[in-house]
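Visitor: Our numbering applies: residue 2 is where the sequence shown begins, and numbers increase by one.
Honestly, the hints are just simulated from the structure, not real lab data. Be careful, since some hints might not be right.
Said to hold, decoys possible - Label pairs and their computed distance ranges (CB to CB):
(1) Ala-179 with Ala-209: 26 to 34 Å
(2) Ala-213 with Leu-248: 32 to 40 Å
(3) Val-256 with Val-189: 33 to 41 Å
(4) Asn-70 with Asn-191: 31 to 39 Å
(5) Gly-41 with Ala-246: 19 to 27 Å
Unchecked claim - Below are the SDA-like pairs computed for lysine to any residue, each with C-alpha atoms no more than 20 Å apart in a straight line:
(6) Lys-249 with Gly-41
(7) Lys-74 with Ala-43
(8) Lys-182 with Asp-194
(9) Lys-227 with Ile-206
(10) Lys-104 with Thr-254
(11) Lys-103 with Arg-257
(12) Lys-103 with Asn-70
(13) Lys-183 with Thr-216
(14) Lys-104 with Asp-203
(15) Lys-103 with Asp-202
(16) Lys-59 with Asn-81
(17) Lys-102 with Leu-250
(18) Lys-74 with Leu-96
(19) Lys-227 with Ala-239
(20) Lys-183 with Arg-193
(21) Lys-103 with Ile-61
(22) Lys-102 with Leu-199
Ideal placement from N, C-alpha and C gives every residue a C-beta, glycine not left out.
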Amino acid sequence: MASEGKGSRVFLLAVLFFLLLAGALGAIHSLPGYSSLGNGQAFIAKVRIEGPIFDPEKTIEALRRVEDNPRAKGLLLVINSPGGAVVPSWEIHDLVARIAKKKPVAVSMQALAASGGYLIACAGSRIFAYGATATGSIGVILQTFSLSGLMDKIGIQGNAIVSGPLKDAGSPFSSMSAADKKYLQGIVMNIRDQFVQLVADDRHIPPARVDALATGQVYTGLEAQKLGLVDAIGGENAAKSWLLAQLKLPADTRVREVRSENTLAGWFSTAASSAIAYLVAQSTARFYLF
2 MASEGKGSRV FLLAVLFFLL LAGALGAIHS LPGYSSLGNG QAFIAKVRIE GPIFDPEKTI
62 EALRRVEDNP RAKGLLLVIN SPGGAVVPSW EIHDLVARIA KKKPVAVSMQ ALAASGGYLI
122 ACAGSRIFAY GATATGSIGV ILQTFSLSGL MDKIGIQGNA IVSGPLKDAG SPFSSMSAAD
182 KKYLQGIVMN IRDQFVQLVA DDRHIPPARV DALATGQVYT GLEAQKLGLV DAIGGENAAK
242 SWLLAQLKLP ADTRVREVRS ENTLAGWFST AASSAIAYLV AQSTARFYLF
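All chains should be modelled from the sequences, with the hints used to inform the complete structure.
Guide: Dropping the structure here:
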């Protein structure tokens, strides 16, 4: 009897162990960033770009995984973003453009793919948008603010020791002079002109025509198609079908979402770190593609 009781306890412990192991594996599979890419079959990789673009690290990691995986025959890039900081948007664009030289990239615009989001889309092989997608917004914005009036009221004086008259241009602790504004406007227009040239090169549109469209205006997907800013009206299924046709793959080819390989700690800290990055970005004069 004692032996039977001991055997039952061992059996129950073994069952409990395997249940816990299965639960742990299930939790790992459900973590953002988990993606099984190792079954040896060809597939279409999908990468999402969602929300404001400030820190490109996770998106770039996911895109590099697609670039380096020979079984990822094509890329479905799903964008739902108002844009963001200039350099991160450009960095993602350049990587997508590099991938597009090796394998076809279909871009599926969702509700919003504007400014920096549109800049990234231009790197794709073919751009799909819904008729009501908000896109375009080709332009640059410098966001800053001045606390000098408030500081005067409460008796606080800001002092800056600078190496040149424009060193503190855009500082929130001083009023913006005419010289400051002219200087910063020049930078905004320089970046804007680079944006225009990028669109012209990627979309094979004369720069003068893109220049006329680059007022910061948002276009619907239907308008953007007529203007040559997007290629076709359709959603993810249309983008997938185009990829399959380009690659001559069967209709049942799987689409696998690829994300960065987050650590557990990184997963829990993503929201907090994004919020901190946004607040830091708002504290100084920065250039945005919004």
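Visitor: Given the hint that Lys-103 pairs with Asp-202, does the C-alpha gap stay at or below 20 Å?
Guide: Satisfied, since the Cα-Cα distance of roughly 18 Å is no more than 20 Å.
Visitor: Within 20 Å, alpha carbon to alpha carbon, are Lys-102 and Leu-199?
Guide: 16 Å, holds
Visitor: Does the Cβ pair Asn-70, Asn-191 satisfy 31 to 39 Å?
Guide: Holds - the Cβ-Cβ distance for Asn-70 and Asn-191, about 37 Å, lies within 31 to 39 Å.
Visitor: Holds or violated: Lys-104 and Thr-254, Cα atoms, limit 20 Å.
Guide: This hinted pair holds, its Cα atoms lying about 16 Å apart.
Visitor: Checking one constraint from the list: CA of Lys-182 to CA of Asp-194, max 20 Å. Satisfied?
Guide: 18 Å, holds
Visitor: Checking one constraint from the list: CA of Lys-103 to CA of Asn-70, max 20 Å. Satisfied?
Guide: Holds, at about 11 Å.
Visitor: Regarding the pair Lys-227 and Ala-239, is the alpha-carbon distance no greater than 20 Å?
Guide: At roughly 18 Å apart (the allowed maximum being 20 Å), Ala-239 and Lys-227 satisfy the hint.
Visitor: Given the hinted pair Lys-227 and Ile-206, is their Cα-Cα distance within 20 Å?
Guide: Measuring from Cα to Cα gives roughly 12 Å; hence the hint holds.
Visitor: So if I understand the rule, the pair passes when the alpha-carbon distance is 20 Å or less; does Lys-102 with Leu-250 pass?
Guide: At roughly 19 Å apart (the allowed maximum being 20 Å), Leu-250 and Lys-102 satisfy the hint.
Visitor: Holds or violated: Lys-103 and Ile-61, Cα atoms, limit 20 Å.
Guide: 16 Å, holds
Visitor: For a C-alpha distance cap of 20 Å, please report whether Lys-103 and Arg-257 respect it.
Guide: 18 Å, holds
Visitor: Decide if the proposed pair is consistent with the structure: Lys-74 and Leu-96, CA atoms, cutoff 20 Å inclusive.
Guide: 16 Å, holds
In this structure, every one of the numbered hints holds.
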